[in-house]
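Colleague: What follows is each chain in one-letter form.
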Amino acid sequence: MSLSAEREATTSEAAAEISGRWSSLAKELLATRRVVIGLAIILGLIAMAWIGPMLSPWGFDERDFTAFRSPPTADHWFGTGNTGRDVFHMTMVGLQKSILIGLCAALFTTVIAALVGAFAGYYLGFTDRALMWVTDLFLVLPQFLILAILYPVLRDQGWLVFVLLLACLMWMVTAKMVRGMTISLKEREYVLAARYMGVSHGRIILRHILPNMSSLLIVDATINVSSAIILETALSYFGFGIQPPDVTLGSLIAEGSRQALAFPWTFWFCTGLLIVLVLAVNLVGDGLRDALDPHSKSRT
Amino acid sequence: MSATSGTAAAEQEQTGAARGPDGVEPPVLEVRDLEVSFPGGRGNAGVTAVRGVSYEVRRGEILGIVGESGSGKSVSSLAAIGLLPDYAQVKGSIRLHGEELLGLDDRTMARKRGHAISMVFQDPLSGLTPVYTVGDQVAEAVRVHNPQISRAAAHKRAVELLTLVGIPDAERRQRSFPHEFSGGMRQRVMIAIAIANDPDVIICDEPTTALDVTIQAQILEVLKAAQRETGAAIVMITHDLGVVAGLVDRVQVMYAGRLVETGTVDDVYYRTRMPYTMGLLGSVPRLDQDEKSPLIPIKGNPPSLTDMPPGCPFAPRCPIAVEACDAGEPPLEQVGGEGHRAACIRAGEIESNSWTAHDVYPVSEIAHDPVSQVPREDRGTVLRVEGLAKHHPLMRGALFKRRVGTVYAVDGLSFDIREGETLGLVGESGCGKSSTLMEILSLDKPQQGTVEVLGKESGRLSNRERFDVRRDVQVVFQDPMSSLDPRMRVFEIIAEPLRTHGYAKDRIRSRVLELMELVGLDGSAVTRSPAEFSGGQRQRIGIARALALEPKLLVLDEPVSALDVSIQAGVINLLEELKARLGLSYLFVAHDLSVVRHIADRVAVMYLGKIVEIGDVQSIYRRPTHPYTKALLSAIPLPDPEKERRREHIVLQGDLPNPADPPSGCRFRTRCQKFAVLSEDDRSACREREPELRHRVEGAADQAAACHYADTEGSR
Ligand code: SF4
Ligand code: SF4
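Chains as they are written, first to last, in the working numbering: chain A, 1 to 300; chain B, 1 to 716.
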């Protein structure tokens with residue numbers, strides 16, 4: 001009798017309360033205005049960046065010899081640059097790159113951080129000391145100095161290498177956070193249970209530990225997107241970043257800033273887009289953090 | 001409240017019925033038709049946690065309110081003291097000395113609180129401010145309501161109060177901070193604060209739930225003393241039917257936000273008229289019962305308060321429910337003796353047929369394990385632990401860590417478990433039972449001693465062999481919340497061990513369904529996530545996972561202590577049944593001796609990393625020989641008021657000593673009740689020589705105790 005004791009008791013009570021973690025989360029997110037606005041802006045920018053160039057009558061390398069440094073007109077929506085290239089087209093291509101770089105760098109950063117942090121926190125002991133030593137090393141090294149030294153080697157390697165470089169400059173703090181979380185998660189009984197049933201350590205990290213901090217990782221990745229975009233801009237501004245013929249918002253700003261007063265359209269459009277992009281990403285990141293962090297929940 | 005009892009006649013009836021022996025004295029605290037609801041917010045429905053509760057207490061009276069989690073027992077008393085959050089909606093009336101408390105503003109209420117009415121909570125740490133000394137906090141409580149008292153006088157009173165609640169050397173200890181106190185000590189401080197102003201009512205909300213049994217016994221003594229001292233009325237809220245049995249005058253049983261049975265202790269315990277109360281009493285394993293009878297599990301779960309069935313809230317779980325039960329909520333009506341009321345339409349029938357719990361609840365006998373017929377010596381050894389020790393270094397210093405001592409978590413433990421046997425490992429928190437488990441389960445080489453699982457010695461296995469041994473030893477953890485990965489579906493959880501050990505895909509599917517069936521869960525539920533299950537069901541999932549690989553030995557780490565009693569009974573019965581059916585051996589770790597008596601064949605009692613007494617259940621429980629075992633057994637309250645009143649409790653002094661600095665000789669001597677009455681000459685043996693674990697009693701072959709002066713006479 002005891003065997004059937006609770007058979008019928010699989011109540012629906014809890015089902016109402018937790019209707020799937022993700023769907024309730026999605027609901028919560030969509031109820032947060034910030035997230036909705038941020039997402040809408042980002043989607044708008046993405047659409048603009050990829051569709052915009054197709055609408056523009058001018059090509060990327062095409063020069064309009066009739067209009068050097070022309071202010072915005074019906075022909076050149078954002079005006080033209082020093083050599084007669086269409087600023088609108090260039091800005092859109094730059095926006096594409098910036099978004100791509102931001103997303104990829106954030107992804108790499110989070111992956112590196114998650115792996116380093118989780119392995120250090122899980123194994124502790126020697127692994128931990130070695131990994132944390134590397135992390136600290138990266139934290140204390142002057143980044144711009146390293147970049148200046150590496151610059152000659154890296155300048156011709158293309159933008160993906162640059163993205164990796166960005167990730168290498170950004171993963172440390174997240175890794176430390178992940179390590180802390182791992183240390184507390186690994187004492188959880190379900191992790192112990194997995195260990196005592198013989199699941200290998202690597203699998204425990206991948207199947208139990210990392211999924212259980214996924215919300216943290218998602219929030220962090222989002223915030224990293226905006227940091228990566230800003231860092232990229234800063235590096236490109238100083239000439240360490242993306243090299244011509246590639247353009248990003250950063251390199252466009254660098255170019256435009258020299259003549260910002262005389263020909264403001266070469267500067268203000270790319271800068272404005274950068275600010276809008278970063279703000280939108282931060283809005284989403286903030287909203288996500290509020291929705292995922294149990295401590296920030298308040299009853300209204 | 002329901003219509004019937006709301007009428008004037010019933011009202012009169014109630015007051016008349018509840019009149020105490022001295023008749024005329026008005027109640028100190030009177031709660032009538034209390035209703036508490038929490039309005040829903042964003043997506044969750046509103047909850048009515050308390051639905052029409054009435055009670056009153058008089059001076060010097062102790063009222064017990066018993067219920068499982070979610071029954072509304074705590075909410076109703078938080079309402080009385082005005083500590084509910086602002087969004088709670090409270091209806092009805094709460095009167096203190098005839099003065100209405102509901103609707104009073106915060107300031108007035110705060111003045112009443114602590115002065116006329118005070119509260120002791122379950123978790124004493126949250127009630128104390130970490131940055132002030134306990135003496136200051138007690139003195140503060142004294143001064144808040146009597147500002148004219150001088151600082152010095154308040155401090156003097158604080159020391160008095162601390163002495164009263166049994167804090168040794170209060171003059172000195174009052175300068176300590178809360179974190180320097182143990183849980184039991186903190187609870188004493190909370191009681192001191194509660195009685196600082198001679199309150200008329202003290203509400204105790206599960207004051208001993210977080211504490212060990214020996215400490216619980218101390219705290220109950222303190223509460224009794226506090227009541228004698230102040231003459232206050234006490235409202236004792238608890239889930240433990242044992243705690244209230246010997247302590248209170250009247251009991252009220254709550255279920256789903258309502259009172260379902262109230263009356264004097266004897267009426268409720270011996271002339272139970274409500275099936276829920278019967279189930280509750282029958283589901284507690286009894287320390288005082290020799291032969292094993294299966295416990296009474298109440299099937300199902302308490303109803304969700306958001307979606308209450310229309311009739312008797314207990315109807316879905318009630319074995320004698322009839323159609324009429326669903327018609328309307330049965331009112332709380334007089335049955336039998338004066339003041340004894342029950343909310344059950346069949347209460348009269350129960351009375352006239354004098355049904356007991358075993359008549360109401362059909363319980364099948366649990367099949368006997370064929371292995372248990374074979375004498376112990378002839379059965380194979382599943383687990384052998386020999387001289388196991390685990391010492392943690394104690395480090396100090398932030399920058400340069402240096403070793404300042406050693407914590408002797410486990411210190412020379414030896415026992416073995418035979419096929420088909422259950423060994424109960426009991427002891428209070430901090431005795432090293434969990435460390436022992438972890439040492440065994442890790443299958444690493446122990447610091448000292450040997451652990452042999454199925455004849456294979458830990459630490460001498462190749463990785464492959466170790467992996468294979470893992471199949472045979474599985475574990476069920478205490479907390480059903482944290483032992484299942486919240487990110488996984490139930491299917492994934494149960495399939496994990498199978499996948500790890502390389503089962504084929506289609507085999508996994510059928511095995512998972514088979515396991516769900518085995519632990520009494522619906523196979524179709526495997527697609528849900530663990531959060532959708534109740535505690536008892538989750539524990540069943542944990543058991544299913546542990547059984548997946550058909551282990552020989554199951555290590556159970558307090559598997560039922562996080563569950564409500566009625567659910568606990570179901571899980572214990574399941575474990576017994578599985579053991580008999582599958583021929584398992586259990587290592588059952590628990591702090592609850594009554595559960596262990598029910599389930600175990602042999603018991604090992606641990607104290608400070610050592611086994612102080614080991615033997616078969618019958619011998620140990622009938623004739624404990626070690627003073628510590630005796631004290632433990634005596635500290636457990638029985639859910640039987642008659643016996644409880646007659647029992648002499650041995651109340652141990654003090655707390656567990658620091659495991660980094662155990663007393664010399666016998667580790668128990670600082671608290672030993674026997675040591676205290678020994679002559680000075682005899683004491684030196686306890687002080688100087690460590691008693692070894694060996695047979696001490698004639699005729700009890702399988703019983704050994706580690707005490708120089710073990711009791712060899714027959715009685716308890
Ligand atoms: S009223 Fe009916 S369902 Fe409720 S306890 Fe009594 S018999 Fe059971
Ligand atoms: S050896 Fe002495 S101190 Fe230890 S338990 Fe026995 S009587 Fe008590």
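Read the hints as simulated data drawn from the structure, not as lab findings. One or more of the hints may lead you astray.
Below are the SDA-like pairs computed for lysine to any residue, each with C-alpha atoms no more than 25 Å apart in a straight line [stated by the list, open to error]:
| # | chain 1 | residue 1 | chain 2 | residue 2 |
| --- | --- | --- | --- | --- |
| 1 | A | Lys186 | B | Asn353 |
| 2 | A | Lys186 | B | Arg645 |
| 3 | A | Lys176 | A | Ala254 |
| 4 | B | Lys630 | B | Arg645 |
| 5 | B | Lys390 | A | Ser184 |
| 6 | A | Lys27 | A | Gly52 |
| 7 | A | Lys27 | B | Arg489 |
| 8 | B | Lys91 | B | Thr108 |
| 9 | B | Lys156 | B | Arg173 |
| 10 | A | Lys27 | B | Pro486 |
| 11 | A | Lys186 | A | Phe238 |
| 12 | B | Lys552 | A | Glu189 |
| 13 | B | Lys445 | A | Thr127 |
Beyond 10 Å from chain B on every Cβ pair, some chain A residues (computed) [said to hold, decoys possible]:
| # | residue |
| --- | --- |
| 14 | Ile51 |
| 15 | Met54 |
| 16 | Val111 |
| 17 | Glu189 |
| 18 | Tyr190 |
| 19 | Leu192 |
| 20 | Ala193 |
| 21 | Ala194 |
| 22 | Met197 |
| 23 | Gly198 |
| 24 | Val199 |
| 25 | Gly202 |
| 26 | Val219 |
| 27 | Val278 |
All C-beta atoms in this analysis are idealised placements derived from N, C-alpha and C, irrespective of residue type, glycine included.
Colleague: None of the hints should be skipped; say for each whether it holds.
Modeller: Hints and how they fare:
1. This hinted pair does not check out: lysine 186/A and asparagine 353/B have alpha carbons roughly 56 Å apart, beyond 25 Å.
2. At most 25 Å may separate the alpha-carbon atoms for a hinted pair to count; lysine 186/A and arginine 645/B exceed this at roughly 47 Å.
3. A hinted pair counts as satisfied when its Cα atoms are at most 25 Å apart, and lysine 176/A with alanine 254/A does not qualify at roughly 34 Å.
4. With a C-alpha separation of about 18 Å, the suggested pairing of lysine 630/B with arginine 645/B holds against the 25 Å cut-off.
5. For the proposed pair lysine 390/B and serine 184/A, the alpha carbon gap of about 22 Å is at most 25 Å, so the pair holds.
6. Proposed proximity of lysine 27/A and glycine 52/A is contradicted: the alpha carbons are some 32 Å apart, above 25 Å.
7. Only pairs whose Cα atoms come within 25 Å are accepted, and lysine 27/A paired with arginine 489/B is accepted, the gap being roughly 21 Å.
8. For a cut-off of 25 Å, the pair hint linking lysine 91/B to threonine 108/B stands: about 19 Å separates their Cα positions.
9. Restraint check for lysine 156/B and arginine 173/B: satisfied, since their Cα atoms lie roughly 13 Å apart, inside the 25 Å limit.
10. Between lysine 27/A and proline 486/B, the direct Cα distance comes to roughly 19 Å. Compliance with the 25 Å bound is thereby established for this hinted pair.
11. A hinted pair counts as satisfied when its Cα atoms are at most 25 Å apart, and lysine 186/A with phenylalanine 238/A does not qualify at roughly 44 Å.
12. Distance restraint check for lysine 552/B and glutamate 189/A: the Cα-Cα separation of roughly 21 Å lies within the 25 Å cut-off, and the hinted pair is therefore satisfied.
13. Distance hint between lysine 445/B and threonine 127/A is fulfilled; the C-alpha atoms sit about 21 Å from each other, no more than 25 Å.
14. A cut-off of 10 Å between C-beta atoms confirms that isoleucine 51/A is not in contact with chain B; the least separation is 37 Å.
15. With a least beta-carbon separation of about 42 Å from chain B, methionine 54/A lies farther than 10 Å from that chain, consistent with its non-interface assignment.
16. Distance check for valine 111/A against chain B: the nearest CB is about 19 Å away, which clears 10 Å, and the non-interface claim stands.
17. Not every C-beta of chain B lies more than 10 Å from that of glutamate 189/A, the closest at about 4 Å, which undercuts listing it as non-interface.
18. Non-interface status of tyrosine 190/A relative to chain B is broken: a Cβ of that chain comes within 10 Å, the nearest being about 4 Å off.
19. At roughly 7 Å, the least C-beta separation between leucine 192/A and chain B is not larger than 10 Å, which violates its mark as non-interface.
20. A beta-carbon of chain B is positioned within 10 Å of the beta-carbon of alanine 193/A; the least distance is around 6 Å.
21. Not every beta carbon of chain B lies more than 10 Å from that of alanine 194/A, the smallest distance being close to 7 Å; the non-interface claim is violated.
22. Distance check on methionine 197/A: its Cβ comes as close as 4 Å (rounded) to a Cβ of chain B, failing to clear the 10 Å threshold; non-interface status is violated.
23. Distance check on glycine 198/A: its Cβ comes as close as 4 Å (rounded) to a Cβ of chain B, failing to clear the 10 Å threshold; non-interface status is violated.
24. Consistency note on valine 199/A: stated as away from chain B, yet its beta-carbon is not over 10 Å from all of that chain's, at 5 Å minimum.
25. At the 10 Å boundary, the C-beta of glycine 202/A stays outside the reach of chain B, the nearest C-beta of that chain being 12 Å off.
26. Separation of valine 219/A from chain B is adequate, the least Cβ-Cβ distance of about 16 Å exceeding the 10 Å criterion.
27. Non-interface call for valine 278/A relative to chain B: holds, since the shortest CB-CB distance, roughly 30 Å, exceeds 10 Å.
Hints 1, 2, 3, 6, 11, 17, 18, 19, 20, 21, 22, 23, 24 from the earlier list are contradicted by this structure; the remaining hints agree with it.
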